[in-house]
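Colleague: So you can see what is in the structure, the chains are spelled out below.
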Amino acid sequence: MPEATGTLRLVRDRGVLRVGVNDQLPGFGFIRPDGTFGGFDIDFGHALAAAIFGDATRIEFVAVSTSARFSALSAGEIDVLIRNTTWTLSRDASLNLTFGVPTFYDGQGIMVRAADGIESIEDLDGAVVCALTGTTTQMNQDDRFAGTGVRYQALVFDRNETLQEAFIAERCDAWTSDKSQLAARRAAFPQRVGGPESLVILPETLSKEPLAPVVRDDDPAWADLVNWVILGMIAADELGVTSENLDAMVEAPPSQEVARLLGVPVQGTVFDARTGVSVEHMRDVIRQVGNYGEVYERHVTPLGIPREGTLNALWLDGGLMYAPPFR
Amino acid sequence: MATIASQTLRVARDLRVRRATFEALTVTITAMFILYLVQQARQASDLDLAFMGDRAGFAVGDQFLTNVDGNDSRWAVYFAGIMNTIGIAVFGTALAILIGLVAGIARLSSNWLAARLAFFFVEAIRNTPLLPFVVFCYTAIVLQLPPIRDSLSIVGVGFASNRAIALPWAQPTDGAGMWALVVFIALAIAIGVFAALRRYEETTGQPSRPWRVSVGLFAAIATGSFFLMGQPLRWDVPEVSRFAYDGGLQLSPEFVGLLLALALFNGAFVAEIVRGAIQSVPRGEREAAAALGFSQWDQMRLVVLPQALRAMLPPLATQCQALVKYSAVAIAIAFPDLMTVGGTLINQSGEAIPLFILMMVTYLILNLVIAIIFTGPQWRRFNLRPRTRRI
Amino acid sequence: MTALAPPDVYEGMVAWQRARHWAHVRLFDSRGNTVLTLVILAILGVLAFTLVRWFVAVADWEVVRANRRLLLVGRFPQGEEWRIWPMVLALPALTALGWGAWGQVGRRSIAAMAIFGVLILPLLTSGTGWWYVIVAAALAFVAYRLARWSWAYPQAHRWVRRCAVGGWFLALPASLILLLIGGGMETTLWGGLYLNVIVSFAAAMGAIPLGILLALGRTSSYRALRLACTMYIELMRGLPLVVILALAWLALRSFLPDLWGLDSVDLVYRVMIAFTMFTGAFVAEALRAGMAAVPAGQREAAAALGLKGRQALIFIVLPITVRNSAPALAGEMIGLFMSSTLVSVVGLTDMLQAARATTEQPDFFGRQTEVLLFVGITFWATAFGLSRLSERVEYALSGTRRNR
Numbered sequence: 055m056p057e058a059t060g061t062l063r064l065v066r067d068r069g070v071l072r073v074g075v076n077d078q079l080p081g082f083g084f085i086r087p088d089g090t091f092g093g094f095d096i097d098f099g100h101a102l103a104a105a106i107f108g109d110a111t112r113i114e115f116v117a118v119s120t121s122a123r124f125s126a127l128s129a130g131e132i133d134v135l136i137r138n139t140t141w142t143l144s145r146d147a148s149l150n151l152t153f154g155v156p157t158f159y160d161g162q163g164i165m166v167r168a169a170d171g172i173e174s175i176e177d178l179d180g181a182v183v184c185a186l187t188g189t190t191t192q193m194n195q196d197d198r199f200a201g202t203g204v205r206y207q208a209l210v211f212d213r214n215e216t217l218q219e220a221f222i223a224e225r226c227d228a229w230t231s232d233k234s235q236l237a238a239r240r241a242a243f244p245q246r247v248g249g250p251e252s253l254v255i256l257p258e259t260l261s262k263e264p265l266a267p268v269v270r271d272d273d274p275a276w277a278d279l280v281n282w283v284i285l286g287m288i289a290a291d292e293l294g295v296t297s298e299n300l301d302a303m304v305e306a307p308p309s310q311e312v313a314r315l316l317g318v319p320v321q322g323t324v325f326d327a328r329t330g331v332s333v334e335h336m337r338d339v340i341r342q343v344g345n346y347g348e349v350y351e352r353h354v355t356p357l358g359i360p361r362e363g364t365l366n367a368l369w370l371d372g373g374l375m376y377a378p379p380f381r
Numbered sequence: 006m007a008t009i010a011s012q013t014l015r016v017a018r019d020l021r022v023r024r025a026t027f028e029a030l031t032v033t034i035t036a037m038f039i040l041y042l043v044q045q046a047r048q049a050s051d052l053d054l055a056f057m058g059d060r061a062g063f064a065v066g067d068q069f070l071t072n073v074d075g076n077d078s079r080w081a082v083y084f085a086g087i088m089n090t091i092g093i094a095v096f097g098t099a100l101a102i103l104i105g106l107v108a109g110i111a112r113l114s115s116n117w118l119a120a121r122l123a124f125f126f127v128e129a130i131r132n133t134p135l136l137p138f139v140v141f142c143y144t145a146i147v148l149q150l151p152p153i154r155d156s157l158s159i160v161g162v163g164f165a166s167n168r169a170i171a172l173p174w175a176q177p178t179d180g181a182g183m184w185a186l187v188v189f190i191a192l193a194i195a196i197g198v199f200a201a202l203r204r205y206e207e208t209t210g211q212p213s214r215p216w217r218v219s220v221g222l223f224a225a226i227a228t229g230s231f232f233l234m235g236q237p238l239r240w241d242v243p244e245v246s247r248f249a250y251d252g253g254l255q256l257s258p259e260f261v262g263l264l265l266a267l268a269l270f271n272g273a274f275v276a277e278i279v280r281g282a283i284q285s286v287p288r289g290e291r292e293a294a295a296a297l298g299f300s301q302w303d304q305m306r307l308v309v310l311p312q313a314l315r316a317m318l319p320p321l322a323t324q325c326q327a328l329v330k331y332s333a334v335a336i337a338i339a340f341p342d343l344m345t346v347g348g349t350l351i352n353q354s355g356e357a358i359p360l361f362i363l364m365m366v367t368y369l370i371l372n373l374v375i376a377i378i379f380t381g382p383q384w385r386r387f388n389l390r391p392r393t394r395r396i
Numbered sequence: 053m054t055a056l057a058p059p060d061v062y063e064g065m066v067a068w069q070r071a072r073h074w075a076h077v078r079l080f081d082s083r084g085n086t087v088l089t090l091v092i093l094a095i096l097g098v099l100a101f102t103l104v105r106w107f108v109a110v111a112d113w114e115v116v117r118a119n120r121r122l123l124l125v126g127r128f129p130q131g132e133e134w135r136i137w138p139m140v141l142a143l144p145a146l147t148a149l150g151w152g153a154w155g156q157v158g159r160r161s162i163a164a165m166a167i168f169g170v171l172i173l174p175l176l177t178s179g180t181g182w183w184y185v186i187v188a189a190a191l192a193f194v195a196y197r198l199a200r201w202s203w204a205y206p207q208a209h210r211w212v213r214r215c216a217v218g219g220w221f222l223a224l225p226a227s228l229i230l231l232l233i234g235g236g237m238e239t240t241l242w243g244g245l246y247l248n249v250i251v252s253f254a255a256a257m258g259a260i261p262l263g264i265l266l267a268l269g270r271t272s273s274y275r276a277l278r279l280a281c282t283m284y285i286e287l288m289r290g291l292p293l294v295v296i297l298a299l300a301w302l303a304l305r306s307f308l309p310d311l312w313g314l315d316s317v318d319l320v321y322r323v324m325i326a327f328t329m330f331t332g333a334f335v336a337e338a339l340r341a342g343m344a345a346v347p348a349g350q351r352e353a354a355a356a357l358g359l360k361g362r363q364a365l366i367f368i369v370l371p372i373t374v375r376n377s378a379p380a381l382a383g384e385m386i387g388l389f390m391s392s393t394l395v396s397v398v399g400l401t402d403m404l405q406a407a408r409a410t411t412e413q414p415d416f417f418g419r420q421t422e423v424l425l426f427v428g429i430t431f432w433a434t435a436f437g438l439s440r441l442s443e444r445v446e447y448a449l450s451g452t453r454r455n456r
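Chains as they are written, first to last, in this note's numbering: chain X, 55 to 381; chain B, 6 to 396; chain V, 53 to 456.
Okay, chain X solo, but in the shape it has when bound (with noise of 0.2 Å):
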């Protein structure tokens, strides 16, 4: 294996890879019964250690909460943070922090409950809004109510159970989140207490809300290496690199671009980029962990947001899913 500095240097001599995720997000990161982590969040951060290691099961999540996910990350607690969080300019520059790729497209929303007959956020007039502490959602909700000059009652809670809890006891009259989150909500929304149809995502929009890895700003190959493995992992997607196809691919790759991607020799020569792992490491990715759109069929899919005709679909099919040329 090549030599390594930095982040990758202590990531290897710990043997893990320390990633820090939710643990209560369906579909991007919750807990088993079992004790294991599942969901899209959590297998990119597979994806890294099967990139580091060629084992995707060399990691640690490290459940962190929306308030402390950014200190933990700061104070070295975990390696790289994938946990749904937004990039913005004040956390970029301010925290000392850097955003990857986003993995996510998301845009913050309302769910309110549909026998209320609420279609906008004009009706919401002195309602109870429930949040999430520590999140932009906070801040875009002051700014979108305060703007529209609607009055509400802000009520923020540090665990989404706690929240679910007062939503489903009437307590709040509307849920404001990731769009992707209250989707993911609405599905699993229990049938004992009324089910996916008796909530109601409203169509408005309140923010861009780009979900990407963070990394500390002090190690710039740290962060290249984070980003070209998510984005390899949408480059396969593109070239049709899958976990099913990929022995043929090495075998016989139908395309310089997909050589160079899975490290196979083209005319006695491998395309080395130097980012610290070996050349090889997209294959241990794709074949442990799956391309952008397996990974995305095997979480998001399930959740009722399909990918077709969001921000989330390949650039080919009119999304923002683009990988930069491997070359």
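Bear in mind the hints are in silico, worked out from the structure with no lab data behind them. Ideal Cβ positions, reconstructed from N, Cα and C, are used throughout, including at glycine. One thing to keep in mind: the hints can contain errors.
[What the hints assert, rightly or not] Derived Cβ-Cβ restraints for the label pairs, each shown as a range:
| id | chain 1 | residue 1 | chain 2 | residue 2 | range |
| --- | --- | --- | --- | --- | --- |
| 1 | V | 77 | B | 217 | 37 to 43 Å |
| 2 | V | 165 | B | 306 | 42 to 48 Å |
| 3 | V | 112 | B | 38 | 38 to 44 Å |
| 4 | B | 152 | V | 183 | 44 to 50 Å |
| 5 | B | 369 | X | 248 | 55 to 61 Å |
| 6 | B | 254 | V | 68 | 49 to 55 Å |
[To be verified] Which bits of chain V does chain B cover? Going by a derived footprint, with three or more residues having C-beta under 8 Å, they are:
| id | segment |
| --- | --- |
| 7 | 117-123 |
| 8 | 291-298 |
| 9 | 434-441 |
Guided by the hints, dock chains B and V onto chain X, whose structure is given.
Modeller: Chains B and V in isolation, oriented as in the chain X frame:
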């Protein structure tokens, strides 16, 4: 040479010198340690609180005597958090003392059922961790109230639902400030009259009824000025609207849940304090009072309680301080107290160390204030100092 | 003495007459008491009805059953349980040994344990769990019988007591070693009730020596030392534990020196440090109160026997102090175990955190009441048992046969 050596030895053996050296050493080490901490803090942060003057950008939902919104500065929002903590502390302590008095006296009751019930209450609470209890009180009790459209009615004038508990309340109108000033002056006059009458009573032995005179005076001035100034307070009865109640005094479920949990939790500890204090008064005191012909009520009021109070106040101060500290778990149920607001500010500004220092100083000041309230000079006439035993 | 005992009012009464007499004296002796009794009975009736209805009709304990592993050991990897089982077996046995060595299990304790066992065990056991529970119970029983048997033989009894105390002191290092040997377990994987136990255990071990030093410092005749210790104690007692934990979590690393990797020590250890520092101050205060209650005559007697200041302190004053403050110390330790649930605030998956996370599983939305109750009952039972045990030890330590 020999003399100098022995001289040095003698100096070194001198107890005063050794003590002075040790004291100096302690001072040096402590000072170096503190300097080291400051140094490390300065490395991690510039320790500048200027960022607290910026626009907050988020609102505080529940407010006690303050009125801030997202356009106010971070200082203002932080202050709203402090006021919320103070509100919880004041009402929580009052309720806890009430519960504690009832449960503490019940434990000493001759009624078997009452004594057992109080015992089980105290044991159940004292062996339960606080955080699950707070979450339980909120989600399993307060949130289980009906939603606002099915509000329970409180004797026709108030409402209870999981949106709020709304009660009728005196709403100030124009001139309320003026009237409050008059009431304040009346209070000062009444206290002055009370003190004067009391001194007169003590020096001359003439009964002059300081309580009745001063309270009557105060009530007369307060009600008289109230009507003279055109009734500056309006009785405000809440009404149900779509999302909330209009008017009246509204207690949010988060406040009620936290209050309930903290009052019950601390009440169990206060009950033990009360029980211990009453038991610490020698039985002979009460028997002597009975022998002197004091009524049951006077025995309690004039003999047992003042002495029990002496034993009660210091642990009560500790318990009240504990309540303030316990209230820092408010974040678990979305009550915006000092810790919650401070946490949001840390997350928003990234200035962890200055904010931590600020929060620590705030809590220490609150503690100091409580200590002064409970054990300050105003209690001196109860002779709070432990009795010295003279043989 | 017996001649002075009150005459037995129950003499010659049959059972129901006794009951009636008892009820008359203890419940209905005056009008006020009758009203009070009836009111309490009404309240209890409503409460009991609500609770029973909830338990029978609403409660669904499947959430606890499905997540029992998560609640007890968090995300501890499958196949690594051997690191935990020895401790799970040893702790009940040690408790039973101590109980037997210093006292006797009363009828009420047995009843309480039986009720608790019936309520809780079926939730926790299926498959392999059963065997461990049976083995643990059997071990505890054997330990208890052994301790009771030893009462007849003073020499053996002394050894049993020594073993019990030594066992408790060895348990923490042993459990830590078990967690760390052979490649070890990453500390982020420690979780569930086991984490609560380990954290409070470690903090207790650290807080008692720290508290003794602080108490000695605060009562020392050196003014500077006294001032420094007082400042530390008051600082710790003035701050909420949540704030201290958050500090340990987010800011402590900036203050630790860059020596021996101290500044990158794992969160679990930092939390243990925070708990130790916090509890130490309270232990110091408990000890100071106990020290103040040491009769002056004891010191004077020590001085008269020619003991130097330090000798008098170690052999005379400290033992009496510990004896005096044992109840308060036990209270602090139980409080420490309770407050270990606050580690969920700093992102460790302790039992409470695991419990709250279960409501995120689609199958168990909104079943928070059951899990929270389960957590509450578990902590309550442990704390209750510990406080009973500490009463026995205090009673034995007090050296007197006075009635409690």
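Colleague: Any of the earlier hints contradicted here, and which numbers?
Modeller: Numbers 3, 5 and 7, in rising order.
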